[in-house]
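K.L.:
Spelled out from the first residue to the last, the chains are:
Protein chains: 2
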Amino acid sequence: MNTNPARGMRDFLPEDVRRRQYVIGVIADVYQRYGFEPLETPAVENIETLLGKYGEEGDRLIFKILKRGEGAEAGQADLALRYDLTVPLARVVAEHRARLPKFFKRYQVQPVWRADRPQKGRFREFYQCDVDAIGSRAMVVEAELLSAAGDVLSRLGFASYTLRLNHRGVLSGLLEAAGVPAGLHGDALVALDKLDKVGPEGVAAELRQRGVPDAGAGMLLEFFSSVAAAQHTAAADPAAFNRAVLDRLETLLAGTRSEAMGELRDIVRLLVPGGAGAHVRLDPSLARGLSYYTGAIFEIAVPDLAGSLGGGGRYDNLIGMFLGSEVPACGISLGLERILVVMGERGMFPDNLAKAPADVMVTQWSVDGVPDALRLAAELRSEGLRVEVYPEADKLGRQLKYASSRAIPFVTVVGDEEAATGMVTVKNLGTGEQQRVPRAGVGGVLRRG
Amino acid sequence: MNTNPARGMRDFLPEDVRRRQYVIGVIADVYQRYGFEPLETPAVENIETLLGKYGEEGDRLIFKILKRGEGAEAGQADLALRYDLTVPLARVVAEHRARLPKFFKRYQVQPVWRADRPQKGRFREFYQCDVDAIGSRAMVVEAELLSAAGDVLSRLGFASYTLRLNHRGVLSGLLEAAGVPAGLHGDALVALDKLDKVGPEGVAAELRQRGVPDAGAGMLLEFFSSVAAAQHTAAADPAAFNRAVLDRLETLLAGTRSEAMGELRDIVRLLVPGGAGAHVRLDPSLARGLSYYTGAIFEIAVPDLAGSLGGGGRYDNLIGMFLGSEVPACGISLGLERILVVMGERGMFPDNLAKAPADVMVTQWSVDGVPDALRLAAELRSEGLRVEVYPEADKLGRQLKYASSRAIPFVTVVGDEEAATGMVTVKNLGTGEQQRVPRAGVGGVLRRG
Chain A
10 MNTNPARGMR DFLPEDVRRR QYVIGVIADV YQRYGFEPLE TPAVENIETL LGKYGEEGDR
70 LIFKILKRGE GAEAGQADLA LRYDLTVPLA RVVAEHRARL PKFFKRYQVQ PVWRADRPQK
130 GRFREFYQCD VDAIGSRAMV VEAELLSAAG DVLSRLGFAS YTLRLNHRGV LSGLLEAAGV
190 PAGLHGDALV ALDKLDKVGP EGVAAELRQR GVPDAGAGML LEFFSSVAAA QHTAAADPAA
250 FNRAVLDRLE TLLAGTRSEA MGELRDIVRL LVPGGAGAHV RLDPSLARGL SYYTGAIFEI
310 AVPDLAGSLG GGGRYDNLIG MFLGSEVPAC GISLGLERIL VVMGERGMFP DNLAKAPADV
370 MVTQWSVDGV PDALRLAAEL RSEGLRVEVY PEADKLGRQL KYASSRAIPF VTVVGDEEAA
430 TGMVTVKNLG TGEQQRVPRA GVGGVLRRG
Chain B
10 MNTNPARGMR DFLPEDVRRR QYVIGVIADV YQRYGFEPLE TPAVENIETL LGKYGEEGDR
70 LIFKILKRGE GAEAGQADLA LRYDLTVPLA RVVAEHRARL PKFFKRYQVQ PVWRADRPQK
130 GRFREFYQCD VDAIGSRAMV VEAELLSAAG DVLSRLGFAS YTLRLNHRGV LSGLLEAAGV
190 PAGLHGDALV ALDKLDKVGP EGVAAELRQR GVPDAGAGML LEFFSSVAAA QHTAAADPAA
250 FNRAVLDRLE TLLAGTRSEA MGELRDIVRL LVPGGAGAHV RLDPSLARGL SYYTGAIFEI
310 AVPDLAGSLG GGGRYDNLIG MFLGSEVPAC GISLGLERIL VVMGERGMFP DNLAKAPADV
370 MVTQWSVDGV PDALRLAAEL RSEGLRVEVY PEADKLGRQL KYASSRAIPF VTVVGDEEAA
430 TGMVTVKNLG TGEQQRVPRA GVGGVLRRG
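One line per chain: the protein sequences are A and B, in this order.
Using my numbering, read the first sequence as starting at 10 and increasing by one per residue.
Using my numbering, read the second sequence as starting at 10 and increasing by one per residue.
Misleading hints may appear alongside valid ones.
Which copy is meant is left open, so a pair is good if it fits within one copy or across any two.
Stated by the list, open to error - Capping the alpha-carbon separation at 30 Å, the derived lysine-lysine pairs in DSS-like fashion look like this: (1) Lys111 to Lys364; (2) Lys364 to Lys203; (3) Lys436 to Lys111; (4) Lys129 to Lys364; (5) Lys203 to Lys410; (6) Lys410 to Lys111; (7) Lys76 to Lys129.
No wet-lab data here; the hints were simulated from the structure.
All chains, please: the whole structure from these sequences, using the hints.
P.N.:
Okay, here's the thing in structure tokens:
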């Protein structure tokens, strides 16, 4: 019988789960410090909730669930698996508007499913960690989101990372200034979004193929390259770098797109020096694939890693699709799986995560002694210790060997002599040392390690 | 546009999530104290992994996922949603046998999906909390599982609960002793499993209808009734009650089923007095619906609640269906949704769960002051406090009103005067008191509450 997990999906054994829970715990803790609250939505949504929200390609990748029961026509699907956490959020805000606060700030860490072709590091079931603030158009929201994402990365041990920042309105203004016809803006964005992957020549070729005039394409790419080249000087004074980029944008846009420029300036002004301010870099080439962004856009980059650890932006129209009236919104999504891969490769997990399943193993000496062994285990557990009981009346040597193989640091032995005198022998499997202590003192010895 | 969650499924708003996380946290903590380790499996399984494992009715309730891509015939399903946590565990043990310890003890808290007709308290997406010990036939396993489940309930605040205990082998022996033909044992078990719901007359009628001889049915029901009647005396001396039931069973079985009887006696002998020993009651009428149990069976009952909060038992053959060779296994599943319903109805959640989203809200005084407000927020967060920032330059009164509506206990105000002198005004929204303190002392004031 086939015992593989489904294609592109994974079983998480205990060590995997501990690592995942550690990262999720840091994310949740940081977001809570920013006043975000947890939200969970069902894995399954009505199929109409999802279809048409992710473009043609997205629709194709949605896992569809067969309709059940008598009336169902063969092959009909009425439900589908969650594809991201943003559309369910929009549905929840529309559905529960009256119960939610004016400024609803939620984080959500749950799996999503996409019928993509599985590849190294790309799975069909994977977790997203989304944080979104609903209800305000103020740039405080953008500044706080960037700050929170930065805090998550810092707490996880990422020393150098970049929070790339751009604005859809500014980008549109640049395209106009470059003479790209309005009808080609979408095509140009798709091409520009590949700058990281295919380089300036690749993008230039694609822009040409999509009908963007050569002169405009050249102007755009030259500007982006010169900003990128200045990046290495940015670390010394990030605020000055960002202000310089803003000034160049101002000149290129020549007074157009003043609202978008004002928002970008606001965000930069609000960054806390030493906090997110040390990591945010204006990047006029940043495009982000998704079509629903309406304002600021973000992407998280770390050195020596192609692709991003997450991204997001402002999307003031999406909730309106469900609610009928517009509700401003802005968010960032962290890619848990990529974060885990990078942290694993770079040895960034704390040592104590690979911990033993228990602090101590209680051995069995004789069949008659088993009830007392279970009592000892209960006593130690009531002191908060994690206690494994070897389940079978086995040779002591085999029990010790098993405890060692599980990396359990201590075992207790209660032989006939100990039982008669109310003592317990505690053996340190690392050092081989053992000591006989009164029963009430065992917990203390174990806690001192 | 329809904004409902899918039928039988639920959105969990922040307060719901906090309650769920609290209960799951207690469950995980207790199980870890018993040496159990976390496991997670995909929500989606290959459809063959699930079909045929849950009986005909179970197969009908499995959510099936449409095959994708060019080659797929219309309506074909190749994947399905997880239906329980036991079959995926069996698959994982078979798949990863070489990487797992000899005694693999795992807990798993994840949602499962069943296309049941939704009813009050019955959902199509719900969480199971399973704990299983793989690899040993020793009754230490049963005793530890009962003890762990009891600890969970005690820690959650359930004062009186019963861990009902029986054994499939003993039950079969009883059916034989009652003259139920071997071919009718399955039917008789199904009928007896309804004793709680339909009472002795209902069961008697169903046994008769299924062809069980009246005399045998009468003998069984009389025995079960007399044990049930003795229950109210059990609290005073549970061990004596259990031993008395064992003795009556011994007499009725007249020397048959000695292995099963030995196992039951072992479990009772191993219970820690004052721990699980105070809550386990032998109940010879307990049948459990599922067909895969091979030994001891358990069910958790609390007063004034029809149905159970969980159950389980030994199933020594299920893993063999995937692995080819038998591996002993035993487990208990807690029903998270029912536990939450009961705790909600009985007011058992700690008060601090309905907590505010933040310890303090930082107000905005003027547009120019916003960068400094964000810096103050960053300072307080670095001290571990949860800090909300009111995002917009609004009237102070409206900001205070918003903080109150969110039950945030404190706000900070930095007006022109405070800004000039490096002070911060901290206002307690509960008492109305306010004090002006040096900026470095704000965290201390807030922590003292």
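K.L.:
30 Å Cα cut-off: does Lys364 pair with Lys203 within a copy, between copies, both or neither?
P.N.:
neither (42 Å within a copy, 45 Å between copies)
K.L.:
Treating 30 Å as the Cα threshold, decide for Lys111 and Lys364: within, between, both or neither.
P.N.:
For Lys111 and Lys364, only the inter-copy Cα distance (18 Å) is at most 30 Å; the intra-copy one is 43 Å.
K.L.:
Evaluate Lys436 and Lys111 at a C-alpha cut-off of 30 Å and name the case that applies: within, between, both or neither.
P.N.:
between (59 Å within a copy, 22 Å between copies)
K.L.:
Under a CA distance limit of 30 Å, which applies to Lys129 and Lys364: within one copy, between copies, both, or neither?
P.N.:
within (27 Å within a copy, 42 Å between copies)
K.L.:
Between the shortest in-copy and the shortest cross-copy C-alpha distance, which are at most 30 Å for Lys410 and Lys111: within, between, both, or neither?
P.N.:
Between. Shortest inter-copy distance 12 Å satisfies the 30 Å Cα cut-off; intra-copy 60 Å does not.
K.L.:
How would you classify Lys76 and Lys129 at a CA-CA limit of 30 Å: within, between, both, or neither?
P.N.:
Between. Shortest inter-copy distance 23 Å satisfies the 30 Å Cα cut-off; intra-copy 33 Å does not.
K.L.:
With identical chains, the pair Lys203 and Lys410 could be close in the same copy or across copies; at 30 Å between alpha carbons, which is it: within, between, both, or neither?
P.N.:
neither (55 Å within a copy, 47 Å between copies)
Hints 2, 5, counting from the list given before, are not met by this structure.
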